[in-house]
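As given, the protein sequences belong to chains A and B, one line each in that order.
Going by my numbering, the residue at position 119 of the first sequence is 114; the numbering climbs one at a time, nothing skipped.
Each position in the second sequence, counted from 1, maps to that position plus 134 in my numbering.
Each hint should be verified, as a subset may be incorrect.
Only pairs whose alpha carbons sit at most 16 Å apart, straight line, appear in this in silico EDC-like list of lysine to aspartate or glutamate [stated by the list, open to error]:
no. : chain 1 : residue 1 : chain 2 : residue 2
1   : A       : Lys10     : B       : Asp217
2   : B       : Lys315    : B       : Asp336
3   : A       : Lys10     : B       : Glu302
4   : B       : Lys210    : B       : Asp223
5   : B       : Lys434    : B       : Glu403
6   : B       : Lys271    : B       : Glu302
7   : B       : Lys333    : B       : Asp372
8   : A       : Lys85     : B       : Asp224
9   : A       : Lys88     : A       : Asp204
10  : A       : Lys15     : B       : Asp217
11  : B       : Lys271    : A       : Glu236
12  : B       : Lys316    : B       : Glu160
13  : A       : Lys88     : B       : Glu198
14  : A       : Lys10     : B       : Asp263
15  : B       : Lys207    : A       : Glu87
16  : A       : Lys88     : B       : Asp217
17  : A       : Lys10     : B       : Glu160
18  : B       : Lys210    : A       : Asp100
19  : B       : Lys380    : B       : Glu403
Hints listed in this document are in silico derivations from the structure and should not be mistaken for laboratory results.
Because the structure is a prediction, the values reported are computed rather than measured.
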Amino acid sequence: MRLSKSWIVASKDFKVFRRKKNVIYTTIAFPLVISILLPVVLQFAGHRSGSSGIPAAELVTLLPSFTFYFLIIAGYVPTTIASYSLVGEKVEKSLEPLLATPTTDGEILLGKGIAAFLPPIAAILGTSAIFMALSDLVTHGRLGYYFFPNLNAGVVFLLMVPLAAVMSVEGNVIISSRVSDVRTAQQLGALMILPFAGIYVGGELGLIDLGSTTNLLIIAGILMTVVVLLLYVAKATFRREEILTKWK
Amino acid sequence: MIETEALTKRFGDLTAVDGVTLRVEEGEVFGFLGPNGAGKTTMVRMLCCLISKTSGRARVAGYEVGNEADSLKIRKLLGLVPDNVGLYDDLSAYDNLDFYGRLYDCTEAQRKENIKRFLDLLGLWEKKDAPAGTFSKGMKQKLAIARALIHDPQVLFMDEPTANLDPESSKTVRDFILDLKKEKRTIFLNTHNLDEAQKICDRIGILNTRIMAMGTPEELERSVGGRKTVVQLEQVSDAVLVALRKLPIGNAVVDGNRLTIDVTDPEKENAAIMDAIVRAGGRVQSATIVGSTLEDAYLKLVRQAK
């Protein structure tokens, strides 16, 4: 496996993405809006009934669960890019000449993975910093301390979010082999958010304690297992002959 | 340069290519003619190590097709112009070529030189910064050819390079292929276009899953059986017909004052035919040798296969 070849493939995709406004919008604007909106909710929620907002005891459970929004974003945003990266090549029928170059299937797949992974992960980590800073700003008065950064947020942002993004990319490779237009790939890829949304809802319903570092590490372990399993399926799907003869 | 031996490809129950044996020499332009679904694209894909063979053997430049270690080496020394151009519409012509140059390990200097050279040759240099998506079909096809040549490949595979092009663009592409031929590159050309095959190819294989015939365009024309001598007379008399029947020649068909005579070697037989006509009192206005065309050969073989 020559990383230089994968990087060439990824660099080309970065150039293509720069010309697609909706990719830029989804990658940057979506997490940015969430990173600002959540602290706004923390600031203004609960004021309608005349109270002084969300009490400190509630904030301590609400803030960790809010970090899971970024996990949901990590499950969705790479899908948008991966759809362009893979189905886009199918639509433009550019896979055949690409596959005829002296690159291996693994190098092309890794290149596509890097292209679909790096921009969203950079955007999500960047906007998560904004989220943490703004949340601290609006909750410090009520909590008396800065809630972020903390160990659990580190586990979510630095371990679970990247794993969710990788899972999203892998899922999209598999979806791409069965669909022939970008929009369908994106719509099906959006289903990748369901497990993460499920975790968030489970936390809100009290089924999972998302404030527990142990629970977060268990979820991360499960994600890691799914990532490894999907990697095998994605590699089996992304084979030259399969792509040219069986991809629809 | 390219050798195959009983090369076969099956997709489930469907046999796409059936026991093809051929040899293409270095610097030769070899053309595959065949109807849709004849296996032309499958052949190219197998030789480019894009899909596996079911059985048989194939070698490109001495490397074994199907051998994992040789696949990358084969792909490095060949260029492919697929039936769909497959360009990146959002990238400029220059960036499309630069991307492929990098994948083929060309240095920056080589890339710059070859991009300029081929875009210039194909009349696209002025448009080098325009997105490929804004190009006409003909320009896209030219860009796809430049892409296949960016690393100066020894072997060039071209799958229907002039399909769907207007006559002017087709001619430009054909002329360019003829220029490449002068550079002694080995070219493997799939085409539906008989005229194109005749003008460009040194040898042609007629493929319909199996090789139906193979040879130079002239050999294929002759293989259909024959040529005809058409003689226009002032009047076709019975005496002329009787005289012709005495000659060891093929059938003679009368159409008004025109005689169409089947001959095998007109250069030798025509003198005797003219002599017999004149001796029988016939007055010859004109005489023409009409050969079977490549189209005749192609249609005959493809119909036979059905």
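Now the hints, each set against the structure:
The suggested pairing of lysine 10 of chain A with aspartate 217 of chain B is violated, with an alpha-carbon distance near 25 Å, which exceeds 16 Å. Restraint check: the Cα-Cα separation between lysine 315 of chain B and aspartate 336 of chain B comes to about 10 Å, which is no more than 16 Å; the hinted pair holds. This hinted pair does not check out: lysine 10 of chain A and glutamate 302 of chain B have alpha carbons roughly 33 Å apart, beyond 16 Å. Of the pairs offered as hints, the one joining lysine 210 of chain B and aspartate 223 of chain B is violated, with about 24 Å between alpha carbons and a cut-off of 16 Å exceeded.
For the given pair, lysine 434 of chain B sits about 26 Å from glutamate 403 of chain B by alpha-carbon distance, which is inconsistent with the 16 Å threshold. Between lysine 271 of chain B and glutamate 302 of chain B the alpha-carbon distance is near 12 Å, which keeps this suggested pair within the 16 Å criterion. Of the pairs offered as hints, the one joining lysine 333 of chain B and aspartate 372 of chain B is violated, with about 43 Å between alpha carbons and a cut-off of 16 Å exceeded. With a C-alpha separation of about 14 Å, the suggested pairing of lysine 85 of chain A with aspartate 224 of chain B holds against the 16 Å cut-off.
Pair hint lysine 88 of chain A plus aspartate 204 of chain A does not hold up; C-alpha atoms about 48 Å apart against a cutoff of 16 Å. Taken as a hint, the lysine 15 of chain A and aspartate 217 of chain B pair is broken in the structure, with Cα atoms around 27 Å apart against an allowance of 16 Å. Taking the CA atoms of lysine 271 of chain B and glutamate 236 of chain A, the gap is about 27 Å. The hint is violated against a cut of 16 Å. The hinted pair formed by lysine 316 of chain B and glutamate 160 of chain B meets the criterion: a straight-line CA distance of about 12 Å does not exceed 16 Å.
Our distance criterion of 16 Å between C-alpha atoms is broken by lysine 88 of chain A and glutamate 198 of chain B, whose separation comes to about 27 Å. A C-alpha spacing of about 14 Å is found between lysine 10 of chain A and aspartate 263 of chain B, which places the hinted pair at or below 16 Å, so the restraint holds. Straight-line distance between C-alpha atoms of lysine 207 of chain B and glutamate 87 of chain A comes to about 27 Å, which puts the hinted pair past the 16 Å bound. For the hint linking lysine 88 of chain A to aspartate 217 of chain B, the alpha-carbon distance of about 10 Å falls within 16 Å, and the restraint holds.
Between lysine 10 of chain A and glutamate 160 of chain B the alpha-carbon distance is near 38 Å, which puts this suggested pair outside the 16 Å criterion. A hinted pair counts as satisfied when its Cα atoms are at most 16 Å apart, and lysine 210 of chain B with aspartate 100 of chain A qualifies at roughly 15 Å. Under the criterion of a C-alpha separation no larger than 16 Å, the hint pairing lysine 380 of chain B with glutamate 403 of chain B is consistent with the structure, at around 13 Å.
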